[in-house]
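These are the residues of each chain, in order.
2 protein chains.
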Amino acid sequence: MSPTHTAVTTDLDPCGRADHPDCGIRDVLDRIGDKWSVLVIVELAGGPRRFRELQRAIDGISQRMLTLTVRRLERDGLILRTVYPTVPAQVDYRLTETGTSLTHLVKALADWSLTHRAVIAEARQQYDQTHPDHDIR
Amino acid sequence: MSPTHTAVTTDLDPCGRADHPDCGIRDVLDRIGDKWSVLVIVELAGGPRRFRELQRAIDGISQRMLTLTVRRLERDGLILRTVYPTVPAQVDYRLTETGTSLTHLVKALADWSLTHRAVIAEARQQYDQTHPDHDIR
DNA sequence: CAGGATCCGGTGGGATACTG
DNA sequence: CAGTATCCCACCGGATCCTG
Numbered sequence: 181m182s183p184t185h186t187a188v189t190t191d192l193d194p195c196g197r198a199d200h201p202d203c204g205i206r207d208v209l210d211r212i213g214d215k216w217s218v219l220v221i222v223e224l225a226g227g228p229r230r231f232r233e234l235q236r237a238i239d240g241i242s243q244r245m246l247t248l249t250v251r252r253l254e255r256d257g258l259i260l261r262t263v264y265p266t267v268p269a270q271v272d273y274r275l276t277e278t279g280t281s282l283t284h285l286v287k288a289l290a291d292w293s294l295t296h297r298a299v300i301a302e303a304r305q306q307y308d309q310t311h312p313d314h315d316i317r
Numbered sequence: 181m182s183p184t185h186t187a188v189t190t191d192l193d194p195c196g197r198a199d200h201p202d203c204g205i206r207d208v209l210d211r212i213g214d215k216w217s218v219l220v221i222v223e224l225a226g227g228p229r230r231f232r233e234l235q236r237a238i239d240g241i242s243q244r245m246l247t248l249t250v251r252r253l254e255r256d257g258l259i260l261r262t263v264y265p266t267v268p269a270q271v272d273y274r275l276t277e278t279g280t281s282l283t284h285l286v287k288a289l290a291d292w293s294l295t296h297r298a299v300i301a302e303a304r305q306q307y308d309q310t311h312p313d314h315d316i317r
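So the sequence lines, in the order shown, correspond to chains S and A. In our numbering, each residue's number is its place in the first sequence (first place is 1) plus 180. In our numbering, each residue's number is its place in the second sequence (first place is 1) plus 180.
What the hints contain is simulated information worked out from the structure, not anything from laboratory work. Some hints here could point you the wrong way.
Since the list gives no way to pick out one identical chain from another, each pair is judged satisfied if it fits inside one copy or across any two copies.
[As the list claims (entries may be wrong)] In the SDA-like style, the derived pairs of lysine to any residue whose C-alpha atoms are separated by at most 25 angstroms in a straight line are:
{"no.": "1", "residue 1": "K287", "residue 2": "Q309"}
{"no.": "2", "residue 1": "K287", "residue 2": "V267"}
{"no.": "3", "residue 1": "K215", "residue 2": "T247"}
{"no.": "4", "residue 1": "K287", "residue 2": "T266"}
{"no.": "5", "residue 1": "K215", "residue 2": "G227"}
{"no.": "6", "residue 1": "K215", "residue 2": "A301"}
{"no.": "7", "residue 1": "K287", "residue 2": "H311"}
{"no.": "8", "residue 1": "K287", "residue 2": "A225"}
{"no.": "9", "residue 1": "K287", "residue 2": "W216"}
{"no.": "10", "residue 1": "K287", "residue 2": "G213"}
{"no.": "11", "residue 1": "K215", "residue 2": "P265"}
{"no.": "12", "residue 1": "K287", "residue 2": "I300"}
{"no.": "13", "residue 1": "K287", "residue 2": "D313"}
{"no.": "14", "residue 1": "K215", "residue 2": "G226"}
{"no.": "15", "residue 1": "K215", "residue 2": "I316"}
{"no.": "16", "residue 1": "K287", "residue 2": "L209"}
{"no.": "17", "residue 1": "K215", "residue 2": "H296"}
{"no.": "18", "residue 1": "K215", "residue 2": "A237"}
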């Protein structure tokens, strides 16, 4: 929605100032912002995994969503899907060069999250106390 | 969905290895992964803004979603909402200390996005060519 | 100006059953 | 094992109208 960033490659510094919104961050967020992509990436950071291995490692993911998630990641060139012509079928997934570079970002995200989760949690429950009625979720 | 991370404060290293999924990244992603939060943060990185200023700056956001977004950011202690008892009402929003620190992450996201968007775009259209039937979206 | 209250459609994602 | 095919629902987010 909205005619976004598809063509313009502005030479604006990315988000240092807010003259130009979006900045193209949406591209990344639309990918890693979903429910499972990050978890798949994190798991694959430990090395190649087969389909079932991923499903067992990632608690709560349905086989449908795992399929969709790896497909999208593959489409974006973040992971590589290899099919071995055995029987029964055997497939493994591994991070590509690009995917691996994303790992650093994910690491940064995790670090930030861990160092701030306490403060955030406190802010939340304080907000919920002072605004008992507000239903934000 | 799934009894997540609410209590456990494991001393596991964050995602260096993938022994433990989640890692708490979900907390952050659930916040900045949505459609508008990042844009609000980026805009506020340029200084305090009033409600209408934000709405005008962030192209396409509805007043409802802007309200919800700033409420959630406020709840998490990422932005500060100040009401001036004037008439008509005047309110401004600004990043807190925590919110400002998030800006760095957003910057990293934007940088990564910009340096990889070309590769990703190419990977996508190549995938779409080799898999014309697949409907991933 | 800064929202609150509704209505409503699209879709992300779960559960289940089936296949090569 | 590694998926595909359906069904279905919660909820995210847009549009619109109303208020202090």
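* To do: Up to 25 angstroms between alpha-carbons, please classify K215 paired with H296: within, between, both or neither.
  => Classified as both; 21 angstroms inside a copy, 22 angstroms across copies.
* For the identical chains here, do K287 and W216 meet the 25 angstroms Cα criterion within one copy, between copies, both, or neither? -> both (16 angstroms within a copy, 23 angstroms between copies)
* How would you label the pair K287, D313 (within, between, both, or neither) given a Cα cut-off of 25 angstroms? -> This pair counts as neither: shortest intra-copy Cα distance 36 angstroms, inter-copy 35 angstroms.
* To do: Pop the pair K215 and G227 into one bin, within, between, both or neither, using alpha-carbon distances up to 25 angstroms.
  => Within one copy only: 21 angstroms inside, 31 angstroms across.
* At most 25 angstroms between C-alpha atoms: does K287 with G213 qualify within a copy, between copies, both, or neither? -> For K287 and G213, the Cα distance is within 25 angstroms both inside one copy (15 angstroms) and across copies (16 angstroms).
* What label fits K287 with H311 when the C-alpha limit is 25 angstroms: within, between, both, or neither? -> For K287 and H311, the Cα distance exceeds 25 angstroms both inside one copy (34 angstroms) and across copies (32 angstroms).
* Alpha-carbon proximity between K287 and Q309, which holds within one copy, between copies, both or neither at 25 angstroms -> Classified as neither; 33 angstroms inside a copy, 33 angstroms across copies.
* Given identical chains, is K215 near I316, meaning Cα to Cα at most 25 angstroms, within a copy, between copies, both, or neither? -> both (20 angstroms within a copy, 15 angstroms between copies)
* To do: Could you place K215 and A301 in one of the four classes (within, between, both, neither) given a Cα distance threshold of 25 angstroms?
  => Both ways: K215 and A301 sit 21 angstroms apart in one copy and 22 angstroms across, limit 25 angstroms.
* Asked: How would you label the pair K287, V267 (within, between, both, or neither) given a Cα cut-off of 25 angstroms?
  -> neither (37 angstroms within a copy, 47 angstroms between copies)
* Asked: Using 25 angstroms as the alpha-carbon threshold, which applies to K215 and P265: within, between, both, or neither?
  -> neither (31 angstroms within a copy, 41 angstroms between copies)
* To do: First find the shortest C-alpha distance between K215 and T247 inside one copy, then the shortest across copies, and answer within, between, both or neither for a cut-off of 25 angstroms.
  => both (13 angstroms within a copy, 24 angstroms between copies)
Violated hints, listed in ascending order, are 1, 2, 4, 7, 11 and 13; each of the other numbered hints is respected by the structure.
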